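Chain S is already provided as a structure; the job is to place chain B on it using the hints.
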Amino acid sequence: DVQLVESGGGLVKPGGSLRLSCSASGFTFNNAWMSWVRQAPGWGLEWVGRIKSESDGGTTDYAAPVKDRFTISRDDSKNTLFLQMNSLKTEDTAVYYCTTDGGYNGSPWGFQHWGQGTLVAVSS
Amino acid sequence: QTVVTQEPSLTVSPGGTVTLTCASSTGAVTSAYCPAWFQQKPGQAPRALIYDTSNTHSWTPARFSGSLLGGKAALTLSGVQPEDEAEYHCLLYYGAARVFGGGTKLTVL
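For the protein sequence lines, the chains are S and B, in the order given.
The first sequence begins at 1 in my numbering and counts up one residue at a time.
The second sequence begins at 1001 in my numbering and counts up one residue at a time.
Just so you know, not all the hints are guaranteed correct.
Non-contacting residues of chain S with respect to chain B, defined by C-beta distances greater than 10 Å in every case (computed) [to be verified]: (1) G8; (2) G9; (3) G58; (4) E91; (5) V122.
Per the computed footprint, the stretches of chain B lying under chain S, defined by three or more beta-carbons under 8 Å from a beta-carbon of chain S, are [what the hints assert, rightly or not]: (6) 1029-1039; (7) 1049-1061; (8) 1091-1105.
These are computed hints drawn from the structure, not numbers from a lab.
Small disclaimer: the values here were computed from a predicted structure and weren't measured.
No residue lacks a Cβ here, since even glycine has one placed at the ideal position from N, Cα and C.
One chain only, chain S, in its complex shape (with noise of 0.2 Å):
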């Protein structure tokens, strides 16, 4: 069974940083492309940004209020995704979730599986 389990959450203060993993599992990590995806309490789902296989390139893509501040990688030979949060603001706390990226827009393997999520906290 794939499992996708995320940790590194917390409490962090305005302007500090913070670093996510995501441990998988199930699945031939080093073929898939990963995207980390957050939800802010009481709000709808947000695509952070997405890690493509390194046979595809290990191109990183991101949403706009994070390019710049959050960076995506991964270590093929640990099957773990990171995501690494710098310069947070109060606006990014949510829960993070690592979830599978299909090769292709339209994948049936694109967000179909997903972990349980760590919730970071942003505040003074």
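Structure of chain B alone, referenced to chain S:
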């Protein structure tokens, strides 16, 4: 910035039919946006229901269907069950970017 709009809330009676829609600020939604739909219940992660406009996953109940309707993506529930009460999110693909709608809270009453 691209905005994807859903009805904030809808109410349906058990056994009834309801259609949720998903609109794009850039214009008509077409199959090129590969609309996807997700169900989310309180305290749970989202669950994928529909991908690429109208394709269902193996676990998607047959009463759920996806389509394009009047320039929007649509999710139709036919023969609604009490357990369908949930938040429903749509997703559109804009090239490398993905944009979720604000979600529709569906009440079964």
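Here's how the hints hold up against the structure:
no., hint, result
1, G8, "holds (17 Å)"
2, G9, "holds (14 Å)"
3, G58, "holds (14 Å)"
4, E91, "holds (14 Å)"
5, V122, "holds (21 Å)"
6, 1029-1039, "holds (count 3)"
7, 1049-1061, "holds (count 5)"
8, 1091-1105, "holds (count 11)"
Against the hints set out earlier in the document, no violation occurs for any number.
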